[in-house]
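Asker: Given chain A's structure and the hints, the job is docking chain B onto it.
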Amino acid sequence: MFSIKLGLRNLTRQKRRNLITALIIAFAFFAYLFMDSLMEGMEEMSFKNIINFDTGHIQIANPDYWEEREELSLNNLLYLSPEVQKSLQDIEEISGVSPELKFTATLNNGIDEMPVIGLGIDPEKYKNVFITQDYLVSGTMISLESHQAIMGASLARLMDLKINDHITLLVRTKEETFNAIDVEVVGLFRTPNPMIDGSTVFLPLDIVQQSLNVDEQISLISIRINQEKEKNAVVENLNRLFQEENLKLEAYTWEESAETVIALSVAKKGGASVILAVVLLIGIVGIINNIILSALERTEEIGMMKALGMKETEIVLAFMVEAVGIGMLGGILGCLLGVLGVGWMSKYGFNLGYLGGDMSTYGIPILDKIYGVWNFPAFVFLLFLGIVVALFSSIAPAWWAARKDPVKAIYHR
Amino acid sequence: MNYLWNLARKNLSRSKLRTSISIIAIAIAIISVTFARGLINGMIESTYQNHIYYKAGHVRVIDNEYELKERILSLNHSVDGFSGEGASMMADKLKEVEGVTQVVPRIKFGAVVIQEDELVRMLGWGIDPAEEIKFTQIDKDLSEGRMVQPGNREIVMGSGLMKKLNREVEDKVTLVYTTPYGSIKGSTLKIVGKIQSSLPLINDNVFYLPIEQAQEMLEMPGQVSELLLITPDYKNAGSVLPALTKLFAQEDKSNKYILQIWDEVGELVALFKIAINMYNFIYVFIIVLASFVLINTLIMIINERTREIGMMTALGLKSREILYLFVMEGVTIGAIGSFIGAILGGIITKMVSVTGIDYSAAMEGMSADLMFDPIFYPVFSLENLIFCFFLGVLVVTIACIIPASKAARLEPTEALRQI
Numbered sequence: 430m431f432s433i434k435l436g437l438r439n440l441t442r443q444k445r446r447n448l449i450t451a452l453i454i455a456f457a458f459f460a461y462l463f464m465d466s467l468m469e470g471m472e473e474m475s476f477k478n479i480i481n482f483d484t485g486h487i488q489i490a491n492p493d494y495w496e497e498r499e500e501l502s503l504n505n506l507l508y509l510s511p512e513v514q515k516s517l518q519d520i521e522e523i524s525g526v527s528p529e530l531k532f533t534a535t536l537n538n539g540i541d542e543m544p545v546i547g548l549g550i551d552p553e554k555y556k557n558v559f560i561t562q563d564y565l566v567s568g569t570m571i572s573l574e575s576h577q578a579i580m581g582a583s584l585a586r587l588m589d590l591k592i593n594d595h596i597t598l599l600v601r602t603k604e605e606t607f608n609a610i611d612v613e614v615v616g617l618f619r620t621p622n623p624m625i626d627g628s629t630v631f632l633p634l635d636i637v638q639q640s641l642n643v644d645e646q647i648s649l650i651s652i653r654i655n656q657e658k659e660k661n662a663v664v665e666n667l668n669r670l671f672q673e674e675n676l677k678l679e680a681y682t683w684e685e686s687a688e689t690v691i692a693l694s695v696a697k698k699g700g701a702s703v704i705l706a707v708v709l710l711i712g713i714v715g716i717i718n719n720i721i722l723s724a725l726e727r728t729e730e731i732g733m734m735k736a737l738g739m740k741e742t743e744i745v746l747a748f749m750v751e752a753v754g755i756g757m758l759g760g761i762l763g764c765l766l767g768v769l770g771v772g773w774m775s776k777y778g779f780n781l782g783y784l785g786g787d788m789s790t791y792g793i794p795i796l797d798k799i800y801g802v803w804n805f806p807a808f809v810f811l812l813f814l815g816i817v818v819a820l821f822s823s824i825a826p827a828w829w830a831a832r833k834d835p836v837k838a839i840y841h842r
Numbered sequence: 013m014n015y016l017w018n019l020a021r022k023n024l025s026r027s028k029l030r031t032s033i034s035i036i037a038i039a040i041a042i043i044s045v046t047f048a049r050g051l052i053n054g055m056i057e058s059t060y061q062n063h064i065y066y067k068a069g070h071v072r073v074i075d076n077e078y079e080l081k082e083r084i085l086s087l088n089h090s091v092d093g094f095s096g097e098g099a100s101m102m103a104d105k106l107k108e109v110e111g112v113t114q115v116v117p118r119i120k121f122g123a124v125v126i127q128e129d130e131l132v133r134m135l136g137w138g139i140d141p142a143e144e145i146k147f148t149q150i151d152k153d154l155s156e157g158r159m160v161q162p163g164n165r166e167i168v169m170g171s172g173l174m175k176k177l178n179r180e181v182e183d184k185v186t187l188v189y190t191t192p193y194g195s196i197k198g199s200t201l202k203i204v205g206k207i208q209s210s211l212p213l214i215n216d217n218v219f220y221l222p223i224e225q226a227q228e229m230l231e232m233p234g235q236v237s238e239l240l241l242i243t244p245d246y247k248n249a250g251s252v253l254p255a256l257t258k259l260f261a262q263e264d265k266s267n268k269y270i271l272q273i274w275d276e277v278g279e280l281v282a283l284f285k286i287a288i289n290m291y292n293f294i295y296v297f298i299i300v301l302a303s304f305v306l307i308n309t310l311i312m313i314i315n316e317r318t319r320e321i322g323m324m325t326a327l328g329l330k331s332r333e334i335l336y337l338f339v340m341e342g343v344t345i346g347a348i349g350s351f352i353g354a355i356l357g358g359i360i361t362k363m364v365s366v367t368g369i370d371y372s373a374a375m376e377g378m379s380a381d382l383m384f385d386p387i388f389y390p391v392f393s394l395e396n397l398i399f400c401f402f403l404g405v406l407v408v409t410i411a412c413i414i415p416a417s418k419a420a421r422l423e424p425t426e427a428l429r430q431i
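The listed protein sequences correspond, in order, to chains A and B. My numbering puts the first residue of the first sequence at 430, with every later residue one more than the last. My numbering puts the first residue of the second sequence at 13, with every later residue one more than the last.
Bound-form chain A, shown alone:
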């Protein structure tokens, strides 16, 4: 007990030095918390943009199609009988089921042409899963059985298209013959997901099915569920259902379709951790330095205490208590700074536009501002990390200080 008291007392002896060492740790933590919050915010937003505009929570497809879903081929499509569709809708957790037919097409405005992704949807069902229709900046949503299309405003600008213009989509049907779909642009949207805005044209599902000659087939089904965290349970349920019905179908969570985005954010988080590690390493050296300096200053004291019968372990303990105090102080200061920084970030946000234009090129489906996210586990983790780091880095120098010969120590030679 005495050692602990001594350690705590000693902590207040060199206030400035201890504060400086604590500041190293505090700054390291602050930098980490700030970057972590920014990245979590970026991640959360891009995940939202994927779920709300691209995949929904769960997608169902033929496993062979899923393997090569990037190719958007018209093979391995699926057909959903009304009964199965009904049983899907009857599952309690599911709030929306949207069939989709994806295909590659060449968009032609009469002068130029460019490759786009065509997406056949049933607007009534689509709106139960996605929110693209809420982002129309002009015109209306498409409806079934009419030759209409909507597209992103940026795509329209690139192709010099306005509402009520007619466009031609050049496609290849399932039998590998060419076909053209003539449609009227009835609406333009501007969503926060640049991948959808820049290269996707939405068309009524039945028109697409006729033009591609695929009967009633679709590429995949997107599903929205009430509680995002239940997605794995729902996926299991669905897969069991498909097995019972003997259907060659499989359900996938949105995470499986967004693998590349996830890989990217993992890589970026690695970057933040490296900076944390480097600064913490300096913090460790700082704590070691601190203890050595204190020990040098108190050589005579240590010698005296040893002469009076204090054990080496007790001296070590006193130094370790001092170090842990510094680690704690640094951790608390860092977290306080972090609260300020993250608070500012989550309130005012950070406009990616300042960094120069379109982040979609970098694989981040975000337009607009990103906001910081409170990541409380990170705060708790860092508080503990501060203490643990201080504790371990103090052991060696504390032993070095305690092992001095009392006689020599008192003479300070």
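Errors might be hidden in some of the hints.
[What the hints assert, rightly or not] Subject to a maximum C-alpha distance of 27 Å in a straight line, what follows is the list of computed DSSO-like cross-link-like pairs (lysine-lysine):
#1 A:LYS444 <-> B:LYS418
#2 A:LYS698 <-> B:LYS362
#3 B:LYS418 <-> A:LYS531
#4 B:LYS175 <-> B:LYS120
[To be verified] Which chain A residues stay away from chain B? Per the calculated CB distances, all over 10 Å, these:
#5 LEU437
#6 THR450
#7 ASP493
#8 SER502
#9 TYR508
#10 MET543
#11 ASP644
#12 LEU710
#13 VAL714
#14 ASN718
#15 GLY732
#16 MET733
#17 GLU743
I should point out that these hints are in silico values taken from the structure, not numbers from a laboratory. Where a beta carbon is used, it is the ideal one built from N, C-alpha and C, also for glycine.
Answerer: Showing chain B alone in chain A's frame:
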């Protein structure tokens, strides 16, 4: 001054342990800064180089409406020379301009190949083989066959694209494309070479063909998409602008063309410049934190020697000299730490620059337009080592002034009384 150096040196050896801990702290910071800077410089340099090679040149001449339509590879806004005299005449005139060492013409268009049941989309680049080899040394990336020759109906393509098409060198391939007049045409050409590139754009998307061939196929005689002007040094590309502007003011009466320096093409370079500033901030931040350790040590040294300082001042040492003395002690530690750090950081950089760091998995989601090489090779350069060394010394020196000025301000009478 000399005796101050001697004094500083002797003082530093009083507690070797204490001194070496501060040196280690500075060294750790400089090692990380040296390595990080080498890595980031490597990434930026290779990206800039790719950007210049495959997109921007040093200065780019394009039709003023082409920039907007570049993404869709529009052929309706081409470069056809001053008042329609043809691109090659224009290139000759541009070559005359002082500072322009080379003019590289390119015609870029979209094409598809119908492959069993799918359409493979690709980018066709009509090029002048001699100019292209001189500029980008693309022939070094040829893993099989040879480069295209002027006038022949032949193409060279990336290995990724060939795999997608299931073709080998010597095979024939039928391309379908649209002319500027909107008619769809097809041509069959022979593959004469295979390019192996780590750049996804070149490896998986692009095929090269002779420019005359492309012009004939697309019915665009004498026209190109862009003319890339090469100067002796890309960092100095702006210096040819005045002469070029003069030529264009004379010849280009209708203001059809615009000139773009490489760092104005696309948004990439502007973004990188911001990133570089952010990284510079992080470097300084890390070194400042390491200096905290040193400041602690200096404060203790000063406390320990308060009586000495008092005595020296009483004996006539000026407060400016006291300041120098402590700054010298700090700077010595900073210089030794920075030196060790720069050397060790350089060794690590050198080691990693051989293997490279593979980011392919994380980069998969990125668009192929981006000129990122997915394997980063840090560059080992003396410039980097020297820069990091001096950055370390500079930051440490500034940091030392705070405790040293405190020592210099001590009153001799007060200081001598301290126990």
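Asker: Mind verifying the non-interface call on VAL714 (chain A)? Its CB should be farther than 10 Å from each CB in chain B.
Answerer: VAL714 (chain A) is in fact no farther than 10 Å from some Cβ atom of chain B, at 4 Å.
Asker: Would the least Cβ to Cβ distance between TYR508 (chain A) and chain B come out above 10 Å?
Answerer: 19 Å, holds
Asker: According to the definition I'm using, a residue is off the interface if its beta carbon is farther than 10 Å from all beta carbons of the partner; does SER502 (chain A) meet that for chain B?
Answerer: 6 Å, violated
Asker: Was LEU710 (chain A) rightly flagged as not at the interface, with every chain B Cβ beyond 10 Å?
Answerer: 6 Å, violated
Asker: Holds or violated: LYS418 (chain B) with LYS531 (chain A), Cα cutoff 27 Å?
Answerer: 72 Å, violated
Asker: Regarding the assertion that MET543 (chain A) does not contact chain B, is the least Cβ-Cβ distance greater than 10 Å?
Answerer: For MET543 (chain A), whose nearest Cβ neighbour in chain B is about 4 Å away, the distance does not exceed 10 Å, so it is violated.
Asker: Taking the shortest Cβ-to-Cβ distance between MET733 (chain A) and chain B, state whether it exceeds 10 Å.
Answerer: Correct as stated: the minimum Cβ-Cβ distance to chain B is 17 Å, above 10 Å.
Asker: Please work out if LYS444 (chain A) and LYS418 (chain B) have their alpha carbons no farther apart than 27 Å.
Answerer: 17 Å, holds
Asker: Would the non-interface assignment of ASP644 (chain A) survive a Cβ cutoff of 10 Å against chain B?
Answerer: With a cut-off of 10 Å, ASP644 (chain A) remains clear of chain B, as the shortest Cβ separation is near 17 Å.
Asker: Can we trust that ASN718 (chain A) is non-interface, i.e. its beta-carbon lies farther than 10 Å from all of chain B?
Answerer: 5 Å, violated
Asker: Starting from LYS175 (chain B), check that the Cα of LYS120 (chain B) is at most 27 Å away, please.
Answerer: 22 Å, holds
Asker: Decide, holds or violated, for the assertion that all CB atoms of chain B are farther than 10 Å from the CB of GLU743 (chain A).
Answerer: 23 Å, holds
Of the numbered hints given earlier, the model fails hints 3, 6, 8, 10, 12, 13 and 14; all others are met.
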